[in-house]
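Engineer: Chains A and B, in that order, give the protein sequences.
According to our numbering, the residues represented by the first sequence are 1 to 114, in order.
According to our numbering, the residues represented by the second sequence are 115 to 227, in order.
There may be inaccurate statements among the hints.
Cut-off 20 Å, straight-line C-alpha distance, at most; resulting in silico cross-link-like pairs (EDC-like, lysine to aspartate or glutamate) [to be verified]:
#1 K49/A <-> E215/B
#2 K58/A <-> E215/B
#3 K184/B <-> D167/B
#4 K171/B <-> D95/A
#5 K171/B <-> D152/B
#6 K49/A <-> E66/A
#7 K77/A <-> D95/A
#8 K77/A <-> E64/A
#9 K69/A <-> D54/A
Quick caveat, the hints were computed from the structure, so don't treat them as lab data.
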Amino acid sequence: AQSVAQPEDQVNVAEGNPLTVKCTYSVSGNPYLFWYVQYPNRGLQFLLKYITGDNLVKGSYGFEAEFNKSQTSFHLKKPSALVSDSALYFCAVRDSAGANNLFFGTGTRLTVIP
Amino acid sequence: DAGITQSPRYKITETGRQVTLMCHQTWSHSYMFWYRQDLGHGLRLIYYSAAADITDKGEVSDGYVVSRSKTENFPLTLESATRSQTSVYFCASRTSGVNYEQYFGPGTRLTVT
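With these hints in hand, go ahead and build the complete structure from the sequences.
Structural biologist: Dropping the structure here:
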């Protein structure tokens, strides 16, 4: 069975500082990992994904994520946070069976403080 | 506009009533999904569909019914709404390829009183 854990419900960071949103996963087989962002009263927007290849994945809005197989982690990062990055972030892993739907973590609320 | 839309965006209903949430996508994606979002649970899969007339249950399907007579539409029906079904419901779709990334609608906020 696959699962995703986001250990922090809330992350606060000052504008201009680097940010990290943590995600660990458990999956049988090769992991397919995703990050989504949700702004207030909006649906989820795709940020980036890891399927294979380089461990550092670059995505939308300057975000990147580092895949670490030994630590089963897929942390989301950005070198310099913007106030507009404040949102709810979800990590997800592909279900290897059925329709390959996604299993989501419980989300991390990022607040960037001006 | 192209994309994935949901209607209504907000709905208040009473316990025991039947409610249908609509989802429409213009990409001709094969797969469509319904999720519910609740605090502390993230998103949980209710039902999914691999193609027209093919549907299957997800993690939290009890009390819900779906149909998919056309590729572009995937309505979700609560046959007899309960307060525990108060939630935000998201529809999503994706292609049948290996990308697996899903595209989400704006959501429907449902309150059952």
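Engineer: Next step is simple, just say for each hint if it's right about the structure.
Structural biologist: Status of each hint after checking the structure:
1. As the CA atoms of K49/A and E215/B are separated by approximately 8 Å, the hinted pair is consistent with the 20 Å bound.
2. Distance check on the hinted pair: K58/A and E215/B sit about 15 Å apart at the alpha-carbon level, within 20 Å; holds.
3. Distance hint between K184/B and D167/B is fulfilled; the C-alpha atoms sit about 8 Å from each other, no more than 20 Å.
4. The straight-line distance between the Cα atoms of K171/B and D95/A is roughly 14 Å, inside the 20 Å bound, and the hint therefore holds.
5. The suggested pairing of K171/B with D152/B holds, with an alpha-carbon distance near 19 Å, which does not exceed 20 Å.
6. Distance restraint check for K49/A and E66/A: the Cα-Cα separation of roughly 10 Å lies within the 20 Å cut-off, and the hinted pair is therefore satisfied.
7. The hinted pair formed by K77/A and D95/A fails the criterion: a straight-line CA distance of about 24 Å is larger than 20 Å.
8. Taking the CA atoms of K77/A and E64/A, the gap is near 5 Å; set against the 20 Å cutoff, the hint holds.
9. Of the supplied pair hints, the one linking K69/A and D54/A holds, its CA atoms being roughly 12 Å apart against a limit of 20 Å.
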